[in-house]
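Start from chain A and add chain B according to the hints.
Each chain is listed here by its residues.
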Amino acid sequence: MSAVLADMPETVAPATSKAIAPSKGGRPWTFYVLSALFTFYVLALYGPMFCIYILSFQDIRGGLVFPMKGQSMHWFVDLFTQVRTGDVKGSFDRSIKLAVIVTVITVVVSFLAGLGFRKRFRGDTFVFYMMIGSLVAPGLVLGLGTGLLFQALGLNASWYTSALGAQLSWTLPFGVLVMFAVMSRFNHAWEEAAYDLGASRWQSIWLVMIPVLAPGLVAVALFGFTLSYDEFARSLQTAGSLNTLPLEIWSMTLNVTSPSLYALGTVTTVVSFIVIGASLGTIVLIQKKRGSRAKGWE
Amino acid sequence: MQPSSIPSRSNLAGWLYVSPLVLVLVPFFAAPILVVLAASFFATDGFGGLTPGFTLASYVEVLHSALTLKLYLATIKFTVLTWIFTLIIGFLVAYFLVFHVRNQLLAIGLFLLCTVPFWTSNIIRMISWIPLLGKEGLINQALLAMGVIRQPLEVLLFSDLAVVIAYVHQLTIFMIVPIFNSMARIDKKLIEAAIDAGASRFDIMRLIVVPMSKSGIALGTIFVVSIVMGDFFVVKVMSGGGSASVVSAFYEDVGVLQYPTAAASAVLLTLVLVAIVSLILRTVDVRQEIT
Chain A
1192 MSAVLADMPE TVAPATSKAI APSKGGRPWT FYVLSALFTF YVLALYGPMF CIYILSFQDI
1252 RGGLVFPMKG QSMHWFVDLF TQVRTGDVKG SFDRSIKLAV IVTVITVVVS FLAGLGFRKR
1312 FRGDTFVFYM MIGSLVAPGL VLGLGTGLLF QALGLNASWY TSALGAQLSW TLPFGVLVMF
1372 AVMSRFNHAW EEAAYDLGAS RWQSIWLVMI PVLAPGLVAV ALFGFTLSYD EFARSLQTAG
1432 SLNTLPLEIW SMTLNVTSPS LYALGTVTTV VSFIVIGASL GTIVLIQKKR GSRAKGWE
Chain B
685 MQPSSIPSRS NLAGWLYVSP LVLVLVPFFA APILVVLAAS FFATDGFGGL TPGFTLASYV
745 EVLHSALTLK LYLATIKFTV LTWIFTLIIG FLVAYFLVFH VRNQLLAIGL FLLCTVPFWT
805 SNIIRMISWI PLLGKEGLIN QALLAMGVIR QPLEVLLFSD LAVVIAYVHQ LTIFMIVPIF
865 NSMARIDKKL IEAAIDAGAS RFDIMRLIVV PMSKSGIALG TIFVVSIVMG DFFVVKVMSG
925 GGSASVVSAF YEDVGVLQYP TAAASAVLLT LVLVAIVSLI LRTVDVRQEI T
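Chains as they are written, first to last, in this note's numbering: chain A, 1192 to 1489; chain B, 685 to 975.
Note that these hints are calculated values from the structure, not bench results. Heads up, a few of these hints could be off.
Calculated cross-link-like contacts (lysine-lysine; reagent style DSS-like; alpha-carbon spacing at most 30 Å) [unchecked claim]:
| no. | chain 1 | residue 1 | chain 2 | residue 2 |
| --- | --- | --- | --- | --- |
| 1 | B | K819 | B | K873 |
| 2 | B | K872 | B | K898 |
| 3 | B | K819 | A | K1260 |
| 4 | B | K898 | A | K1310 |
| 5 | B | K819 | B | K754 |
| 6 | A | K1280 | A | K1260 |
Simulated restraints, written as ranges between beta carbons of each label pair [to be verified]:
| no. | chain 1 | residue 1 | chain 2 | residue 2 | range |
| --- | --- | --- | --- | --- | --- |
| 7 | A | F1377 | B | L718 | 32 to 38 Å |
| 8 | A | D1284 | B | N695 | 41 to 47 Å |
| 9 | B | A727 | A | W1397 | 22 to 28 Å |
| 10 | A | D1284 | B | L707 | 26 to 32 Å |
| 11 | A | I1251 | B | A727 | 21 to 27 Å |
| 12 | A | L1228 | B | G882 | 27 to 33 Å |
| 13 | A | W1397 | B | D969 | 51 to 57 Å |
Which chain B residues face chain A? A few, computed with CB under 10 Å, are given here [said to hold, decoys possible]:
| no. | residue |
| --- | --- |
| 14 | A715 |
| 15 | L734 |
| 16 | G737 |
| 17 | F738 |
| 18 | T739 |
| 19 | Y743 |
| 20 | H784 |
| 21 | P801 |
| 22 | I814 |
| 23 | P815 |
| 24 | S910 |
| 25 | F934 |
| 26 | V968 |
Quick reminder that beta carbons are idealized off the backbone N, C-alpha and C, glycines included.
Bound conformation, chain A alone (with noise of 0.2 Å):
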């Protein structure tokens, strides 16, 4: 998704630089079936959201439902003091390292493979098939699998071993997927240019690809992060005796029935917002200096 996000211009340039013939003129009927339908959708999906958000800033009397109980921050507190709601603190601390280990592995493997995947070559569609078996593969069945195997071998579950590996095996795929979006793009006028200009494979890919495909990586770490970040199921059997966030927030679904739960969704979608943010800032910037290094050459 975050390929579509990244490169939105040029996907949908050729599509809607005209207006097209069935919406010529006045709207047909069908415009505002679907802009009430379009409406409704938006609605339904941040509605609830902002229900939780609204309903996590009451004082102590809150309950789970409306009518809001006065407002203060009481459950925002209660969420990292109080022991009985867990230990958020210390798992909100492992996902925000895990992610951030699991988005560099990604960009990095993810990019290599997309570079790998651009040539056919002996055994290729075996990888592809592969990647394609990870990512659809129940995450629950994998993590009981990584978990048994890492029993099996002697070895300690924990979310820095077993858990980044399975976490891995879920991004890794959505990664490569984004680098072949990414890579289909890539004008290889300008790889041939800089060989023609006696660039090694090497420089070729630091000098022209890295630079030119920025935004895509950067797509591909919001992605990576996000994914990590949210990874519930296969982080299950394999995180060990420490909890990640989602695992916390699920032990809390099952035993917290106080606001502090909706302060954990506030807080969290806080860290998701600044989190895409700064990545959405980072593509902006790359293209707003690449724009004024080279006027007009896309």
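Below, chain B alone, put in the same frame as chain A:
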């Protein structure tokens, strides 16, 4: 596909590039799957200990259990319902954005608007339905206030309805993105030509738009079907324990350390998923869409 002046390279170079990927997928995808496969043939002492060996007892148990069929029927029901709703909404939203929003910037903005909630935790998005659907939730409060109902509807939360609502809420985005992608690639000249040739809007939809978004629909279907069939926590939380799916039964088995039966049912589910996905891949060349 490649300009000829780029130095040609051997199979070895290709393998070098994908070797890091393979080095992760072998120990963390292939090996775990094989471990599960092996465990499904093992015997157990009932306390989590596994005795290596070869017995089909677990498969016999899983296949003979009347529960298995029930679980599959329930899972298929949720999958089909979710697939239908996500497909209809996803297709129409993508169609609206690509063909009805004339301002390109606005279309991109609206598209982003749809993708934003994707970045919030799935579990959080799921529990966010509680203040709405609950017995004292907003929907019941509103219906009571309007006098439509006398007593709060109990069917809204902790029911199959709630499960489907949560799935559709979480997964419609997986339909919108690939369908939007393939629709955006349709050359508008084609549609103009069809209109000039006297095609009706229904014909355009039937003969151009739907066939040309087929690969996007297939990709979205693979995502939705594999996620719903492999999920258990939405079913568990949103049905209030009233419904179960194949994976939630698997989760219970793991919880009581019945690894061989859990593994056998996992192998069965994986086979079913592989069959569905390869059926889809056989009808539509998805690789062409993403490469």
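Taking the hints in turn, this is what the structure says about them:
The suggested pairing of K819 (chain B) with K873 (chain B) is violated, with an alpha-carbon distance near 53 Å, which exceeds 30 Å. Using a Cα cut-off of 30 Å, the hinted pair K872 (chain B) and K898 (chain B) holds, with the two alpha carbons roughly 17 Å apart. For the given pair, K819 (chain B) sits about 18 Å from K1260 (chain A) by alpha-carbon distance, which is consistent with the 30 Å threshold. With a C-alpha separation of about 26 Å, the suggested pair K898 (chain B) and K1310 (chain A) falls inside the 30 Å cut-off, and the hint holds.
Our distance criterion of 30 Å between C-alpha atoms is met by K819 (chain B) and K754 (chain B), whose separation comes to about 28 Å. At most 30 Å may separate the alpha-carbon atoms for a hinted pair to count; K1280 (chain A) and K1260 (chain A) meet this at roughly 26 Å. Checked against the hint of 32 to 38 Å, the pair F1377 (chain A) and L718 (chain B) passes, with Cβ atoms roughly 36 Å apart. For the pair D1284 (chain A) and N695 (chain B), the supplied restraint of 41 to 47 Å holds, since their beta-carbon distance comes to about 44 Å.
Look at A727 (chain B) against W1397 (chain A): about 55 Å separates their beta carbons, and that is not inside 22 to 28 Å. Range check, D1284 (chain A) to L707 (chain B): Cβ separation about 28 Å, and the 26 to 32 Å hint holds. Against the hinted window of 21 to 27 Å, the Cβ-Cβ separation of I1251 (chain A) and A727 (chain B) comes to about 54 Å, which falls outside the hint. A C-beta distance of roughly 29 Å is found between L1228 (chain A) and G882 (chain B), which places it inside the suggested range of 27 to 33 Å.
Checking the proposed 51 to 57 Å range against W1397 (chain A) and D969 (chain B) shows it is violated: the Cβ atoms sit about 34 Å from each other. For A715 (chain B), the interface hint holds, the least distance from its beta-carbon to any beta-carbon of chain A being 6 Å, beneath 10 Å. A cut of 10 Å between beta carbons decides the hint on L734 (chain B): the least distance to chain A is about 8 Å, and the hint holds. Annotation: G737 (chain B) was flagged as interfacial toward chain A, and the flag is violated, the nearest CB pair being 15 Å apart, outside 10 Å.
Taking 10 Å as the C-beta cut-off, the interface hint given for F738 (chain B) is violated, the closest approach to chain A being about 17 Å. The criterion of a C-beta within 10 Å of any C-beta in chain A is not met by T739 (chain B), whose closest approach is roughly 17 Å, and the hint is violated. A cut of 10 Å between beta carbons decides the hint on Y743 (chain B): the least distance to chain A is about 16 Å, and the hint is violated. Annotation: H784 (chain B) was flagged as interfacial toward chain A, and the flag holds, the nearest CB pair being 5 Å apart, inside 10 Å.
Hint status for P801 (chain B): holds, given a least beta-carbon distance of 5 Å to chain A, under 10 Å. For the restraint placing I814 (chain B) at the interface with chain A, the shortest Cβ-Cβ distance is roughly 6 Å, inside the 10 Å limit, so the hint holds. Annotation: P815 (chain B) was flagged as interfacial toward chain A, and the flag holds, the nearest CB pair being 4 Å apart, inside 10 Å. Because the closest C-beta pair between S910 (chain B) and chain A is about 4 Å apart, less than 10 Å, the hint holds.
A cut of 10 Å between beta carbons decides the hint on F934 (chain B): the least distance to chain A is about 6 Å, and the hint holds. Because the closest C-beta pair between V968 (chain B) and chain A is about 14 Å apart, greater than 10 Å, the hint is violated.
This entry does not satisfy hints 1, 9, 11, 13, 16, 17, 18, 19 and 26, going by the numbered hints stated previously.
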